[in-house]
Amino acid sequence: MRSQTGSQLPSAQSRSGDGIDLVNVVKRFGETVAVSGADLSLPRHGRMSIIGPSGCGKSTILSMISGLLDPTEGVVRVEGATTMKERLARCAWMPQRDLLLPWRDVAGNAALALENHGISKKEARGRVLELIDRFGLSGFERKFPHQLSGGMRQRVSFLRTMAAGKDVLLFDEPFGALDSITRADLQQWLRRTLEETPRTTVLVTHDVEEALLLGDTVVVMSARPGRIVQTVDVELPQTENRRELIRHPAFAELRDELLSLLEVAE
Amino acid sequence: MTLAETIRSSRTKAPTPGERQTRRQQRLTAVVKRILPPTGILLLVGVLWQVASDSFGVPKYILPSLSDIWTSASERWSDTFSSATRVTLQEVLIGFAFAIVVGVVIALALHLSATLRTAFMPLLIGSQAVPIVVIAPVLAIIFGYTLMPKVIVVALICFFSIVVNTMHGLSSVDPELIKVMRTLDASRWAILRRVEIPAALPSFFTGLRISATYASVGAVFGEFAGSLDGLGYVMIQATSQLQTDMVFVAIFILTFMSISLFLAVSIVERLVCPWARKEDRR
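Residue numbers (this note's numbering), protein chains in the order written: chain E, 1 to 266; chain L, 1 to 282.
Certain hints may be false.
Claimed, not checked - One-sided and incomplete, this derived list gives chain L residues near chain E with beta-carbon spacing under 8 Å:
id	residue
1	F120
2	P175
3	E176
4	L177
5	R182
6	R194
Think of the hints as simulated: they come from the structure by calculation, not from any bench. Just so it is clear, the structure is predicted and the values come from calculations on it, not from any experiment. Glycine residues also receive a C-beta, built at the ideal position from the N, C-alpha and C atoms.
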């Protein structure tokens, strides 16, 4: 286990150009400083979790990466792109609530991004069917959101995000609204999905276990003004089994370290 | 069993014939419960009416009995009411359609442009402060005894609630959903078409239902100001001759027209946005 502060990442990790880079990023909303001087670097297909107390600016960082917001100072670079428009074109963003369109069935919701690209409704549906199958949702293509459970809806929301074909996936507490059983199930499922189709992912959460399960680096932030306290590398045994992983001494040690960092961060 | 399997098995279980039977019975009782009370009240009012006019000697020109009204309706249907109903219905439908088109166009324009919104909102609200009763004779002077002034009055009465409700629906979309759509590469037009317009449909239909109840009132106002046929025209003629039974026939036809239009809008709503009711029940 190694850990280093956010500003002193080894150059091998910050291969700028194909991943995500934040250089001295500051975001102010009027008088409020949401993020003060954040430096982050994530290589292509790397997975980063950001944890911190509420109001620490972690969602703001995500919005800035996605291109929905611009930093007040500093540079945000996503696969070499720095303008908001170019970043938007490279990132798919998924918030806590599933926000499915109630008038579209599962396939219709999943096909949204393709339709936005100008592909006909029928062809877009056809193309997402294969994804639906891979996401364990076959048989549900024609179900409407109100016919699905919370976990299923969130899975469809993932599917919709993935179907956009973006290389960068940004998750803002994607499991926050789910019960713990469903959450465990989906964490396992997302791990597997990202193994099969690697993407550059940034996950914002306030669940330490989730941060460790889904990230290979964990960034700890503190509140008001939001800044990065520490970046922790996650090195855990390769295993598919979530329970086995959580039981592992290395996992417990990392969890303890993160929890103590969070206590200081509060 | 994984989550997906659990859900699948619970969803695909077909109801047994017995379950289906009780479900049908439940639905039947629900329908009866909805229809019985209003029918009962209507019958009660009808009976009281008949008794009041029969036994208390209320003069016929003040409160004709229901049977008198029925007699005059059937006697005068072919020479008076059938054509009057046709004329008024035509005014109502054309005016209503006009209001929908104008209302939706205005709502979309004001939704898309903040400048237009601030520029036109006072005028729009002001248009509702002008009493339609005053406008109708002016329109009759301009357009004469034609269909036009009635259609305009109906549209004027109807369009406002359509505009207000549609605009409300268009802007009620969750801002986070708009952000999600933007990261899914949606253009402004794509967001309008795939999210805002469908999301606004339930509110739009609420506006339609409100204005559906006003529409026939508008047509009668228009006819009062100057006309040669129509239910409003019949009412004016009948009032001056103390034929109160004729007035009541016209009132009943107008009521029936309003209720039918309201129901028609509700049926179309159910067909166009079935999800709205299901979402509410969640």
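Which hints from the list above does the structure break, by number from lowest to highest? 1 and 2
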